[in-house]
Amino acid sequence: MTSSILTPARARRRRIGAQWRAPLGIVGAVVALAWILVACTAPLWVPYDPVAQGLPRLQPPGPEAILGTDSVGRDVFSRLMAGAGVTIPLALLLVGCSVVLGTLVGAIAGYAGRWVDETLMRITDLVMAFPTVILAMVIAASLGPSLFNAVIAAIVVSWPQYARVSRSIVLSLRGQNYVIASRLLGYSPARSLWTDILPNVAGPILVLASLDIGTAILLLSGLSFLGLGAQPPTAEWGSMISGAMENFDAWWIGVFPGLAILTVVMAFNFIGDTLRDAFDPLARAQSIAANTGETA
Amino acid sequence: MSRDAVLSISELHISIGRPLVTGISLDLYPGRVTGLAGESGSGKTLTSMAVLGLLPRGARVTGSIRCGDTELVGADRRTLSAVRGRRVAMVFQDPSASLHPQLSVGVQLTDHVRRHLGLSRRAARQRAVELLERVQVPEPEAALARYPHQFSGGQRQRIAIAIALACDPEVLLADEPTTALDVTVQAGILQLLHQLAEERQLAVLLVTHDLGVMSAIADEVAVMRAGVIVERAPRAALFSAPQHPYTRQLLAALPGSRLEEEPDV
Amino acid sequence: MQKTAATRSPASPLAGFLLRRLGTSVLLLIGVTLVTFLLTNLVPGDPVTAALGEGPASDPATREAFIQAHGLDKPAPVQYVMYLGALLTGDLGRSLTTGQPVVADLAKAIPATIELAVAAIVLSLAVSLVLGTLAAYRRGMVTDQVLRVLTLIGLSVPTFWLALVAFYVFFLQLGVVPGSGRISPSITPPPTVTGLYTVDYLLNGDSVGFLDALAHLTLPVLVLSLFTIGLLTRFVRTSVLEVLDTDYVRAARAKGLGGWRVVSAYVLRGASLPILTVVGVAFGALLSGTVLVESVFSWPGLGSYSYNAARNLDLPGIMGVGLVVGVIYLVINLVVDLFYAILDPRVRLS
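Heads up: the protein sequence lines correspond to chains X, W and A, in order. Under this note's numbering, the first residue of the first sequence carries the number 111, and numbering increases by one thereafter. Under this note's numbering, the first residue of the second sequence carries the number 2, and numbering increases by one thereafter. Under this note's numbering, the first residue of the third sequence carries the number 71, and numbering increases by one thereafter.
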């Protein structure tokens, strides 16, 4: 810190830093795309029916079942691949719904102000006061354990963060001249909200959403792990892991679905993190500064 | 390099991505205020930062900055931290940014004193009270327990000056010390700097874009533009007979300047 | 500013602040009970079947007795008002799952979870301060990039899976740490003072019990901390980067202070306020994690309790958990504000 001299070693280290930033996002995108491809096509090429129980039980990974079989004789590999088609689309759906719901609530609150804002934000605070898993668990249990209900529960706990962000952006834009001008020109509030304000909300919300896909996958598989999401015999990663608790020595039953979740979530987090760098002016300035050394 | 200069900058080059300071030489003498003037981006602040090795990472520095026998360009951490605050101190532009808002004045005024001079807590405190008295902060004893936000802007800068002088340095770098302050208190701060330079035989480097500030206290002024010193002269000479067109331009921009009325400039 | 505050409220500003805080707290808690009540009432689940199981629930007599005993025959609004009335006397009803008063259940579960969560947040904060500061100082260099990837991985690991892997490797295979419960079965629990076993054993001077309780904490705390460490490290890095660019840190360096002194007294103190806010948020996230971690390590805490209550549609149990969670949220906010006042003289002295 104290030396102002750029030694060759330092210059080299910094160059590595500069090169690393975008590739992280590219790695994320490649892995995510690969998983999405698996999600779309798995039924066409997996070796066994993911819910059929015809194989010998608790077989370790081998030539017949490359990732082994579970306690009722299902092929772990086929279930793993099929699981992508369960979790990933649902997570995307869940984030999509949360984004729409949250952004609208936030935008309305910020634009309407006064008691509407007050009421909506208190509700938002109320939901945010609960730890997500506990609230989602209660909702999922009340609705009855099913994957669909788990998604509903997850939407209920995920929208408030988008509401907060979109409200704060709308608040900061509401007083801007071009928004006021559009109102003075006689456009309706709904139109002004739609054409003048929402486009500005899109960037930050997109970044938030991309970072949230991973969280959504973790939440959904967590609920399924607790038995409140996917029900047997659905090939879902979280419930596959919970099935592994009965046979600890058959490590392959639980290890691979966990790695699947880990890699998918990581891929989306890498993408989200890279996007945030690209969008966030502060982080961007810092990364430029880190690359060129211009901070003064 | 002159013999009795306490700080000698010679052939200083700084580049951060591109060359920003190209070949500056400047000597600072005890008891004298040397002004470094120029618009923002001229490299004057970089020059003062380079003296203390405070340039951002990635800055490339060549040339020489000598404080007595110590070479500061390329100096290691240990050498630098022995010079910083002890032999060369610095006053920043905005005291509300350069004083830590969450640390009491007492702590900020004594921690480096105890490190550099090895004084006891009590002795450092005593010294701090005397310094605050000298820079005319009211109720120095009580001021030690207070926090920066409880003082006015002018008083904060006086505190910052006290902090800079706490270890009895030979050189004081003052980077736009009055720019962030109300016009009404600027004169007081400048006068204080001037007095301190004389009574402590401090070599002061006054960095500013404001030639009005220069005219108040600088003994000698160097005018910088785009990384080089374009003109250097004693104050009187510079203000009465500027040689370089850029200097004349700066002087013309000065409100109430004599040169303003001259049609030819 | 001080003048207007003084004229507006004649009492001390602190009292006014606390009163307002109390008001919102009561509102929040009522909201929490209402939400949980609505959730568990307006949905199709059948709590009788959920609590008794398919067999006994199909017997009309048993069914009727259960409904009578828990007041489930009354209309929902009446049930809610009755609940609120009982709440004022400190009665949270009887759990449909355990058959015990909910207050008694919670009194056992809360300290177990608090012990877990506080240990995890302390550990996470300590690790994150070091890693985050390191990453900020090495910004853009290899260390920073490696930490960036590692923290992203930490945020991507499914907690319940990690818990199982840790359970399998360190408990079942290696046997180096215990993997279930708060203490070994052979050891008697300490006399209850705080409810935190480690603390209570220490207060009792029981080193064997203390070490045993500590060993039982190890795996759940480590598993729980990973996510929080990822979260906090990234935030510490950002906050420290912002502070590193301030004049007061430059001034501290210009004074010739040592690197350690600059970091500890100037940089981290400057970054402490935003970090503190996020620690509060992270604590909430941590409580989420406890549900999954407690179920793997058979930790008899709030997470396990809320899981059982939710599975059995145990209304009093769920409402109790909801209330506790609301109170915890309020306490966290209060503690955060308190630390804010301690760390920021501008707040403390105005």
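Accuracy of the hints is not assured; some may be wrong.
What the hints assert, rightly or not - Which chain W residues face chain A? A few, computed with CB under 8 angstroms, are given here:
(1) S82
(2) G86
(3) F93
(4) H101
(5) H113
(6) Q151
(7) G154
(8) G155
Claimed, not checked - Okay, the calculated beta carbon distance ranges per label pair:
(9) A:V219 <-> W:E200: 36 to 44 angstroms
(10) X:I262 <-> A:K144: 25 to 33 angstroms
(11) A:V397 <-> X:I262: 24 to 32 angstroms
(12) A:L104 <-> X:T373: 36 to 44 angstroms
(13) X:S181 <-> A:V278: 57 to 65 angstroms
(14) A:F409 <-> W:V108: 40 to 48 angstroms
(15) A:G93 <-> W:D77: 41 to 49 angstroms
(16) A:A135 <-> X:L281: 28 to 36 angstroms
(17) W:R78 <-> X:L214: 48 to 56 angstroms
Hint data in this document are derived by calculation from the structure and do not stem from the laboratory. Where is the CB? At the ideal position from N, CA and C, for every residue including glycine.
Chain A contact restraint for H101 of chain W - C-beta distance below 8 angstroms: holds, 4 angstroms
Cβ distance range 24 to 32 angstroms for V397 of chain A and I262 of chain X, holds or violated: holds, 27 angstroms
Restraint check, 8 angstroms cut-off on beta carbons, for S82 of chain W near chain A: Result: holds, 5 angstroms to nearest chain A Cβ.
C-beta pair S181 of chain X, V278 of chain A: status relative to the range 57 to 65 angstroms that was hinted: violated, 39 angstroms
Supplied distance hint 48 to 56 angstroms, evaluated on CB atoms of R78 of chain W and L214 of chain X: holds, 55 angstroms
Chain A contact restraint on F93 of chain W - CB to CB distance below 8 angstroms: holds, 5 angstroms
Minimum beta-carbon distance criterion (8 angstroms), G154 of chain W to chain A: G154 of chain W check fails; min Cβ-Cβ to chain A is 14 angstroms, beyond 8 angstroms.
Whether the CB-CB distance between I262 of chain X and K144 of chain A falls inside 25 to 33 angstroms: With a Cβ separation near 28 angstroms, I262 of chain X and K144 of chain A satisfy 25 to 33 angstroms, so the hint holds.
Cβ separation of V219 of chain A and E200 of chain W, checked against the hinted range 36 to 44 angstroms: violated, 57 angstroms
Cβ separation of F409 of chain A and V108 of chain W, checked against the hinted range 40 to 48 angstroms: Taking Cβ atoms as reference, F409 of chain A and V108 of chain W lie about 19 angstroms apart, which means the hint is violated.
Interface hint compliance - G155 of chain W to chain A, C-beta minimum distance less than 8 angstroms: Violated, about 17 angstroms.
Range hint 28 to 36 angstroms (beta carbons of A135 of chain A and L281 of chain X) holds or violated: Taking Cβ atoms as reference, A135 of chain A and L281 of chain X lie about 56 angstroms apart, which means the hint is violated.
In the structure shown, a violation is registered for the earlier hints numbered 7, 8, 9, 13, 14, 15 and 16, in ascending order.
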